[in-house]
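From first to last, the protein sequence lines stand for chains B and C. So in the numbering used here the end of the first sequence lands on 514, straight run, no missing numbers. So in the numbering used here the end of the second sequence lands on 1058, straight run, no missing numbers.
Please keep in mind that the hints were generated in silico from the structure rather than gathered at the bench. Each residue gets a CB set at the ideal place from its N, CA and C atoms; glycine is no exception. Some hints here could point you the wrong way.
[Claimed, not checked] Computed Cβ-Cβ distance ranges for the label pairs, DEER-style:
| no. | chain 1 | residue 1 | chain 2 | residue 2 | range |
| --- | --- | --- | --- | --- | --- |
| 1 | B | 373 | C | 796 | 38 to 44 Å |
| 2 | C | 663 | B | 462 | 26 to 32 Å |
| 3 | C | 803 | B | 459 | 53 to 59 Å |
| 4 | B | 462 | C | 841 | 58 to 64 Å |
| 5 | C | 662 | B | 452 | 51 to 57 Å |
| 6 | B | 451 | C | 801 | 52 to 58 Å |
[Unchecked claim] Think about it this way: if two alpha-carbon atoms lie no more than 25 Å apart in a straight line, the pair counts; the simulated PhoX-like pairs of lysine-lysine are:
| no. | chain 1 | residue 1 | chain 2 | residue 2 |
| --- | --- | --- | --- | --- |
| 7 | B | 384 | B | 423 |
| 8 | B | 389 | B | 423 |
| 9 | C | 1020 | B | 389 |
| 10 | C | 1053 | B | 488 |
| 11 | C | 1053 | C | 959 |
| 12 | B | 467 | B | 423 |
| 13 | B | 384 | C | 1023 |
| 14 | C | 1023 | B | 389 |
| 15 | B | 423 | B | 514 |
| 16 | B | 488 | C | 660 |
| 17 | B | 488 | B | 384 |
| 18 | B | 494 | C | 1020 |
| 19 | C | 1053 | B | 384 |
| 20 | B | 494 | B | 423 |
| 21 | C | 919 | C | 959 |
| 22 | B | 494 | C | 1023 |
| 23 | C | 812 | C | 833 |
| 24 | B | 467 | C | 660 |
| 25 | C | 1020 | B | 384 |
| 26 | C | 759 | C | 887 |
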Amino acid sequence: MELDSLYQEVILDHYKRPLNKSLAANPDAQVHHVNTSCGDEVTLNLHLEGDRVSKVTWEGVGCSISQASTSVMTDLLIDKSAADALALVEEFQAMLQSKGKDSGNEDHLQDGVAFAGVSKFPARVKCALLGWMAFKDALQQALKNK
Amino acid sequence: MSSLDIAAIKADFPILKRKIRGNNRLVYLDSGATSQKPNSVLDAERDFYLNHNAAVHRGAHQLAEEATELYEGAREKVADFIGADSNEVIFTKSATESINAIAYSLGNSTVGSRFHLKAGDRIVLSEMEHHANLIPWQELARRTGAELVWFNVTDEGRLDLSNMDDLINPKTKVVALTHQSNVLGTINPLEKVTKRAHEVGALFVLDACQSVPHYKVDVKSLNVDFVTFSGHKMLGPTGVGILWGKKDLLDEMPPFLTGGSMIESVTMESATYLDAPKRFEAGVPNMAQAVGLGAAVDYLNKIGLDRIHAHEVELTRKALEGLQTINGLSVIGPKDLEMRGGVVSFAVDGIHPHDLGQALDQFGIAVRTGHHCAWPLMKRFKTVATTRASFYLYNDFDDISALVEGVERARKYFAER
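Using the sequences plus the hints, can you model the full thing?
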């Protein structure tokens, strides 16, 4: 069934058991992003140690795609340098906006490639990007404040 | 059983023959968002462009005459449909524009006039309003300093009228309510509220987007001052909405949009304005769309609103019964059929509405998921989104069975993975 290409095992796993879903105190930046078309939301706290992303923690409500994608994102980007993290966000975003053409580089995106199937469902692309865009926003704010 | 010949009705709507996501029959349960269009509406629009297209109310040529006749003919059809006089029926581009037209007109009125709002005045709404009947009033309140207050909604999804006399007090200038909730399906009882509104001299605005397409709404007997609704939810084209108002009010109110077609005389410094409806129809209107709406009214009249409503009540009964057999499903809104339209919102434990809607789509079932442009109501029911099925004359019991089976299948899909 075509649904399986969207709801891959790894997505449903992250949805049921999300990673880093509890806000850590005293972040370098906190952002709140909302998907205005459906009301899904994510609050994200970012901690930097020098140039390194040390913590990404979050709270949110929403569909399996938005919540799992945020979970995967935190797992991937923690411990990366700010520049590497941003590059990965760009790569993930490009995959999501490829309308099914880009299946993603698993060496780079790891569990993130599970969301390649989402790019065939235009209405869900925003769901998959919600947490990633929140991260990008938080990182830019944190870097500006340094 | 229904007295409607649904097979014959379905045949009038070519889109219902579409196959969805492979070879699934289209089960369209999103008429609350927009209805599908019968051939006769599409033909009327096309015929206007093919044979009669010209700017209405201007030009001495034959096409202009025909276009004007068709456009004004559509106005008469709409007026008859809601029990109004045709010079009280204003064509707008949407119901949203209709409500904004009232709000901006009140905001443009001169100090001291009966339409003027100022600090200390009150606008009364309800928690179940669509954003279209909320934001224009928030904005008017912001511009004038008036206070915004609202009726609460009970756990059953009914309007809580227990504090009506306090809410609608002598400071109240406007009461704006939805006739039927687009989320809950609740039909609001209007008699007491309109009586109280008029007792204190307030204007009563009725958002009838979800009612006029589905059952008889007689604007005169409802004792309201303004009624707004859209064409595209009642088998008509997009791009045409209706604003009905009492003639003496409309003629006294300042216009909202200004420009051509709505003036009586013009100098370089100033202008005077025509009476309604032209006063509120600046510019060349959406003529083909209005004519299409006229054809939609003909279609609804041919089938009969009473029969349509009775049919939708049966569909709703079957949907409420079937859905509530599903494990972990809860209906948000009235669970009985009393004062209730053909809209059913629900939640399924552990499945976000977007995921449920996505699964249903794979089975060919089109429902609406999300906040339904009613964030405050979502908050009231402590959720961010629901799944909503909404029915119309072309739906049958098979559609309802498909919905119930589809939801159960989706529930299992997510539960077992």
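Q. Regarding the pair residue 1053/C and residue 384/B, is the alpha-carbon distance no greater than 25 Å?
A. holds, 15 Å
Q) Cβ-Cβ distance between residue 462/B and residue 841/C: within 58 to 64 Å? A) holds, 60 Å
Q. Is the hinted pair residue 1020/C and residue 384/B satisfied, with a Cα-Cα distance of at most 25 Å?
A. This hinted pair holds, its Cα atoms lying about 24 Å apart.
Q. Residue 488/B and residue 660/C: Cα distance at most 25 Å?
A. Distance of about 18 Å is within 25 Å: holds.
Q. Regarding the pair residue 467/B and residue 423/B, is the alpha-carbon distance no greater than 25 Å?
A. Given pair residue 467/B, residue 423/B is violated - Cα atoms ~31 Å apart, limit 25 Å.
Q.
Run the distance test for residue 494/B versus residue 1020/C: straight-line Cα separation, threshold 25 Å.
A. Cα-Cα ~22 Å, so holds.
Q) Within a Cα-Cα threshold of 25 Å, do residue 389/B and residue 423/B meet the stated pairing? A) Given that 25 Å is the threshold and the Cα spacing comes to 11 Å, the pair holds.
Q: May I ask you to test the hint 51 to 57 Å on the CB atoms belonging to residue 662/C and residue 452/B?
A: Cβ of residue 662/C to Cβ of residue 452/B: about 38 Å, so the range 51 to 57 Å is violated.
Q | Straight-line alpha-carbon gap residue 1053/C to residue 488/B, limit 25 Å | A | holds, 24 Å
Q: Determine whether the Cβ-Cβ distance between residue 803/C and residue 459/B falls within the hinted range of 53 to 59 Å.
A: Given range 53 to 59 Å: holds, Cβ gap about 57 Å.
Q. Given the proposed pairing of residue 1053/C with residue 959/C, does the C-alpha separation stay at or below 25 Å?
A. It holds: about 21 Å lies between the C-alpha atoms, which stays within 25 Å.
Q: Decide if the proposed pair is consistent with the structure: residue 488/B and residue 384/B, CA atoms, cutoff 25 Å inclusive.
A: holds, 23 Å
The structure is inconsistent with the numbered hints 5, 12 and 21, although it conforms to all the rest.
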